[in-house]
Amino acid sequence: MSYIPADTLKKEAENLVKEIDFSSLKPKDRLKIPMQEMPAQEPKARAKNIQEVAIGYYEEQVKLEAERCLQCKNAPCVKGCPVAIDIPGFIKAAAEGDYQKSVNIIKKSSMLPAICGRVCPQETQCMAECTVGKSLKDMDKSVAIGRIERFVADWERAKGKMSIPEIAPATGKKVGIVGSGPAGLTAAADVRKSGHEVVLFEAFHKLGGVMIYGIPEFRLPKEILDKEIENLLSMGVRIKKNFLVGRTRKVKDLIEKDGFDALFIGTGAGLPNFMNIEGENLVGVSSANEFLTRANLMKAYNPDKADTPIFTGKRTAVIGGGNVAMDAARMALRVGAEEVYVIYRRTEKEMPARREEIVHAREEGIIFSFLSSPVRILGDETGKVKGIECLKYELGEPDDSGRRKPVAVKGSEFILEMDSVIMALGNSSNPLISQTAPEIGVNKWGNITVDEDGKTSMDRVYAGGDIVLGAATVILAMGEGRRAAAAINKLLAEE
Amino acid sequence: MSKILDKKLLSRDVVQMKLLAPEIALERRAGQFIIIQVDSDFSERIPLTIADADAEKGSITIIFQIVGKSTLKLAQKNVGDHVENLLGPLGKPTHIEKVGTVVCVGGGIGVAPLHPIAQAMKKAGNRVITIIGARNKELLILEDEMRAIADELIVCTDDGSYGRKCLVTEPLREICEKGGVDLAVAIGPAIMMKFCAETTRPFGVKTYASLNTIMVDGTGMCGGCRVTVGGETKFVCVDGPEFDAHLVDFDNMMLRLRSYKPQEQDANHACRLQAAIDELRR
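Chains as they are written, first to last, in our numbering: chain S, 1 to 495; chain B, 1 to 282.
Keep in mind that the hints were calculated from the coordinates and are not lab data.
The C-beta atom is built at its ideal place from N, Cα and C for all residues, glycine as well.
Hints may contain errors.
Said to hold, decoys possible - Listed next, the in silico BS3-like pairs over lysine-lysine satisfying Cα-Cα at most 30 Å (straight line):
no., chain 1, residue 1, chain 2, residue 2
1, S, K384, B, K234
2, S, K206, B, K7
3, S, K240, B, K57
4, B, K122, S, K206
5, S, K299, B, K3
6, S, K240, B, K123
7, S, K455, B, K92
8, S, K314, B, K194
9, B, K3, S, K305
10, B, K77, S, K240
11, S, K241, B, K3
12, B, K261, S, K250
13, B, K234, S, K241
14, S, K257, B, K123
15, B, K77, S, K206
16, S, K384, B, K194
17, S, K108, S, K73
18, B, K122, S, K241
19, B, K57, S, K257
20, B, K8, S, K241
21, B, K57, S, K299
22, B, K3, S, K206
23, B, K261, S, K206
24, S, K257, B, K3
25, S, K299, B, K77
26, S, K386, B, K194
27, S, K250, B, K122
28, S, K386, B, K69
29, B, K3, S, K222
30, S, K305, B, K123
31, S, K174, B, K57
32, S, K386, B, K122
33, S, K92, S, K134
34, B, K234, S, K206
35, S, K241, B, K77
Unchecked claim - Covered stretches of chain B, as calculated for chain S (at least 3 residues, CB under 8 Å):
no., stretch
36, 38–46
37, 76–82
38, 224–237
39, 252–261
Throw the hints in and build the complete structure from the sequences for me.
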């Protein structure tokens, strides 16, 4: 993947659409259609603005990309999707130009297609199973399922009228959903569909969880997020913002005093990890959560209007290799850093971040320092960060995760001058629910333990998403919300 | 949305506000705090202590000092106005039990969070000695309220304009020397809490401090409020706000409190702030 101007992509697609006779395509012909790259803003320009990087497919590109799908009978892609979207079905409708039908098919399984089409790690899920990618021996050439999904979702939103699913007659039962991230939103929609009253509790002043505080505007515009959530909630979900379950009201009281028939806890993994190295509490060191919340939720990228300050160093190091590290590094560039390093102890191949995000980051000028990890952060006489000392690593034998284990090279210390450091090392479970609801069992890492239905050790209380899984992805959290909602619906139907 | 029920200036730049927040008023315990945000779009989320609450009326009282753009924006709101967002009660409540004699030390605005703790300590059957201090008489707050609770009240001012001319650590040391102190609670500027901890340390008097670090969300998510306690990193919002003062690394805390000083100064020149405060007082 390398940057190709949007105009070029558009012209190429227009010409191809004219050349190809789509009425008689054999699988062999479909494999020959080139994979459609995502048009994006020019790298130098976008590194200085907050607008969405990926522009979205042109109509001709959607046609071409959708026609690449072989419509496999066994649909291996569906098995790779945590919410089991009928992928061949929606792609076929898109290929036929029936975008409404296409988005309706997606919405049977996912109420957040514009979001998933943007932030799902498709290459490790649906696309990893795609026959086209396997035939061409290149996963990057699998059908770009997410990009088609994004196109049809955007098409429907632009049309101004978004469809909502049917809701069963009122049951008189009441369900509380704790947390408005992807797990909670999905659970809320599925429970509401069954006719139960739903109250959604959110601690923040805006809905969306990690999608609003964590994922930057340039990857998931807030307007799209808000619209998609608004549409979901137009099903009649009641919202209680600024409400911290555990503190504002205890879990037990919601069940015993407030008449909730069931609760779903989808509070996410909200406690940032640090390395416990020297200098970590110096001024200029922050967690990615703090940095991104200031930037995204509090709009600190707009210093003329926002009251919340953000630390804008000239040289920033981001420690970690996931999507959050990419988001933090790219945001640092946008709020004023001149040089941004991503420091990761393995190589690019092992990085958990999406390939597209790594490519975008590199195009924007992010510098990668692989096989290195900080040993301490150095401060100046006023207690501010002035640099980091790192060690070089080599890859050894594979570890539990199947990735080759990084091994420190003795005596390989080197120092990078920095004035800010952002730790993007993942999150541990937030202790708030376990602190205030001892009835709910947790494992040694503090994650809530659940059975195969997502039920916790407390009667009528279910949990899912990152608070159960540890830090994962939007779509996995949605799958968890969906599973627990099904169990809640079953429980309430039986009573 | 939370309605402002009452507002008054307690001193030159300290404002007391009563807000309608029935859920918080019902649940809050001594030692807990809230996060407030004047409006959703561009305002900052700021942590403030709950100084008092009335569960029946559904109101909470906050007391804050105007120190920058956000506290000024809040202070400029009037009775009948609303603040858009109020989250709480946050933090672990103070552990209240009957231990015997408790010395409560409050400095400046720190007297506000100390108030419910002194109240609860008294209610639990403790003998409560209270030391409150400020730079001068005009900046002293809640004297009458504290006097009503305490078995003994000592007032200090830095300039001697009222009460004893000394720092709060001086009477604290004298009380410790006399003996019989079972617990001390110190709340105020970080430097004051640090020296209170150093004062009680040689006497082996267990001392709690309530820390007021920088926060964004207040639920454990951002990690901005982290402090070093006994060599470990702790989050003030979920592990605190109270910690064993003898274990807190106050020097690092003071350093981190100054993290955003350059930006804050840029956002709000001292002179502009002063003019706005003068306007409020009129």
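Okay, the hints, checked on the actual structure:
1. Distance hint between K384 of chain S and K234 of chain B is fulfilled; the C-alpha atoms sit about 20 Å from each other, no more than 30 Å.
2. Taking the CA atoms of K206 of chain S and K7 of chain B, the gap is about 27 Å. The hint holds against a cut of 30 Å.
3. The hinted pair formed by K240 of chain S and K57 of chain B meets the criterion: a straight-line CA distance of about 21 Å does not exceed 30 Å.
4. At most 30 Å may separate the alpha-carbon atoms for a hinted pair to count; K122 of chain B and K206 of chain S exceed this at roughly 40 Å.
5. Distance hint between K299 of chain S and K3 of chain B is fulfilled; the C-alpha atoms sit about 25 Å from each other, no more than 30 Å.
6. For the hint linking K240 of chain S to K123 of chain B, the alpha-carbon distance of about 34 Å lies beyond 30 Å, and the restraint is violated.
7. Of the pairs offered as hints, the one joining K455 of chain S and K92 of chain B holds, with about 27 Å between alpha carbons and a cut-off of 30 Å not exceeded.
8. Proximity of K314 of chain S to K194 of chain B is assessed by CA-CA distance (about 33 Å); at most 30 Å being required, the pair is judged violated.
9. With a C-alpha separation of about 24 Å, the suggested pairing of K3 of chain B with K305 of chain S holds against the 30 Å cut-off.
10. This hinted pair checks out: K77 of chain B and K240 of chain S have alpha carbons roughly 24 Å apart, not beyond 30 Å.
11. Between K241 of chain S and K3 of chain B the alpha-carbon distance is near 16 Å, which keeps this suggested pair within the 30 Å criterion.
12. Note on K261 of chain B and K250 of chain S: the hinted pairing is violated, with a Cα-Cα distance of about 37 Å set against a maximum of 30 Å.
13. Between the alpha carbons of K234 of chain B and K241 of chain S the distance comes to roughly 27 Å, so the proposed pair stays at or under 30 Å and holds.
14. Pair hint K257 of chain S plus K123 of chain B holds up; C-alpha atoms about 27 Å apart against a cutoff of 30 Å.
15. Of the pairs offered as hints, the one joining K77 of chain B and K206 of chain S holds, with about 22 Å between alpha carbons and a cut-off of 30 Å not exceeded.
16. Note on K384 of chain S and K194 of chain B: the hinted pairing holds, with a Cα-Cα distance of about 21 Å set against a maximum of 30 Å.
17. Only pairs whose Cα atoms come within 30 Å are accepted, and K108 of chain S paired with K73 of chain S is accepted, the gap being roughly 20 Å.
18. With a CA separation close to 35 Å, the supplied pair K122 of chain B and K241 of chain S exceeds the 30 Å bound.
19. Simply put, K57 of chain B and K257 of chain S have alpha-carbon atoms about 20 Å apart, close enough for the 30 Å limit, and the pair holds.
20. This hinted pair checks out: K8 of chain B and K241 of chain S have alpha carbons roughly 28 Å apart, not beyond 30 Å.
21. This hinted pair does not check out: K57 of chain B and K299 of chain S have alpha carbons roughly 35 Å apart, beyond 30 Å.
22. Between K3 of chain B and K206 of chain S, the direct Cα distance comes to roughly 19 Å. Compliance with the 30 Å bound is thereby established for this hinted pair.
23. For the given pair, K261 of chain B sits about 27 Å from K206 of chain S by alpha-carbon distance, which is consistent with the 30 Å threshold.
24. The hinted pair formed by K257 of chain S and K3 of chain B meets the criterion: a straight-line CA distance of about 26 Å does not exceed 30 Å.
25. Of the pairs offered as hints, the one joining K299 of chain S and K77 of chain B holds, with about 22 Å between alpha carbons and a cut-off of 30 Å not exceeded.
26. For the hint linking K386 of chain S to K194 of chain B, the alpha-carbon distance of about 27 Å falls within 30 Å, and the restraint holds.
27. For the proposed pair K250 of chain S and K122 of chain B, the alpha carbon gap of about 27 Å is at most 30 Å, so the pair holds.
28. About 29 Å separates the Cα atoms of K386 of chain S and K69 of chain B, which keeps this hinted pair within 30 Å; it holds.
29. Restraint check for K3 of chain B and K222 of chain S: the C-alpha separation of about 28 Å stays at or below 30 Å, so the hint holds.
30. For the proposed pair K305 of chain S and K123 of chain B, the alpha carbon gap of about 46 Å is over 30 Å, so the pair is violated.
31. At roughly 28 Å between alpha-carbon atoms, K174 of chain S and K57 of chain B fall within 30 Å of each other, so this suggested pair holds.
32. Proposed proximity of K386 of chain S and K122 of chain B is contradicted: the alpha carbons are some 49 Å apart, above 30 Å.
33. Only pairs whose Cα atoms come within 30 Å are accepted, and K92 of chain S paired with K134 of chain S is accepted, the gap being roughly 20 Å.
34. With a C-alpha separation of about 27 Å, the suggested pairing of K234 of chain B with K206 of chain S holds against the 30 Å cut-off.
35. About 22 Å separates the Cα atoms of K241 of chain S and K77 of chain B, which keeps this hinted pair within 30 Å; it holds.
36. Requiring three or more residues with a Cβ within less than 8 Å of a Cβ of chain S, the coverage given for the stretch 38–46 of chain B holds, as 6 such residues are present.
37. Given as covered by chain S, the stretch 76–82 of chain B fails the check, having 0 residues with a CB less than 8 Å from a CB of that chain where 3 are the minimum.
38. Figure legend: the stretch 224–237 of chain B, annotated as covered by chain S; annotation consistent (6 residues with Cβ-Cβ distances under 8 Å, at least 3 required).
39. Remark: the stretch 252–261 of chain B is confirmed as covered by chain S, as 6 of its residues place a Cβ nearer than 8 Å to a Cβ of that chain, reaching the required three.
Against the hints set out earlier in the document, violations occur for numbers 4, 6, 8, 12, 18, 21, 30, 32, 37.
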